[in-house]
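> Sequence:
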Amino acid sequence: MSNSTDNGLAFVRIVYLQETFVQLWMNGIYTGLFFVTLYGMVFKRPIYRTTPGLFVALIMMYILSTVHVISDWILLKRGFIDNGETPDSTGTYLFEGAPLWLAMTSAVALTVNTMIADFVLIWRCWTMWNHNWVVVTLPILCTLAGTALGFADIHEQAQFIINPDADVTYFNFATPYFSLSLVTTCLATILIIYRIFMMSDSETRKARGYTRVIEIIVESAFLYSVTLIVFLPYLVESSIDDGYPQVVLAQMTGIAPTLIVARVTFGLARPDETWQGTMSSIRMRSMPSGSRVTNTVAFGGLSDGSHASKPESF
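Residue numbers 28 to 341, in our numbering, belong to the letters of the sequence shown in order.
Hints were generated in silico from the structure; no laboratory data involved.
Note that beta-carbon positions come from the ideal geometry of N, C-alpha and C, so glycine has one too.
Each hint should be verified, as a subset may be incorrect.
[Unchecked claim] If you anchor each label on the Cβ, the simulated ranges turn out as follows: (1) Y221 / A37: 44 to 54 Å; (2) L171 / L250: 15 to 25 Å; (3) E112 / L168: 44 to 54 Å; (4) Y66 / D192: 48 to 58 Å.
Kindly generate the complete structure, drawing on both the sequences and the hints.
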């Protein structure tokens, strides 16, 4: 029994140590991306003046992701240094979990960060669908409901930490919370991918194959969706290994929306005017017989020499 316990505590030490270093590595990547994007928003293309909310969201996501890293680092330091008299004491401290203030800091940071990231993704979906509120209504409702469940789970965690031996049944809201977040992300991802695909003609898809793949992956926050999909099965099984995808998720929550903002900031994304049309407005136009034939693709906009017309609305 003793050997089994020792092996279990040794596994806990290894897992927490590796998880923390994985998260530090991810946060390092995020830091570089954040400051490059911030530079672009302030100096390259000062869109922070026209979209101050997006500017604030970008900064808040980075701060919250970094707070999550710091919280895990403090827990690791307390386990290995402050309670590191023996390997068993370290493993026991890490297994029993963080003190209330540290656990709440980490949980609140992740919950608020997830909410902001979901709304940034919804904003991009709303922009690409020509400011159509009907399209993003369900993702918004899922985000609001998920955030409520997230804070309910934080409350349950706090009650358990305060009274771990109390004869009380605690509800696990984490699974439905992350499930709703996944629903939001998948809905927005599908809507964005569908919009990108339908707003491109067949010739453009062939000519810009690799560019289109990059556009779909970044604009739809595809990596964020994949991270959530990988994390949920571990969470349902209550495995200690769920820490690995969770720390990646804590950073990817900020990285994916920041990539979207970076594309907009550095002019790599299509202009908003590109999305101001319906799929029916994507058509091939030909000049009358007897003149030079030119084929143009219109994304609800205008070809050279044409007269202004109001794009069709959804």
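> If a hint holds in the structure, say so; if it does not, say that too.
Outcome of the hint check:
Under the hint 44 to 54 Å, the C-beta atoms of Y221 and A37, about 49 Å apart, fit the expected range. Roughly 24 Å separates the CB atoms of L171 and L250, a value that falls within the hinted 15 to 25 Å. Between E112 and L168 the CB atoms are about 51 Å apart, so this pair conforms to the stated range of 44 to 54 Å. Take Y66 and D192: their Cβ atoms lie about 52 Å apart, and the range 48 to 58 Å holds.
Going down the numbered hints, you'll see the structure goes against none, and every one checks out.
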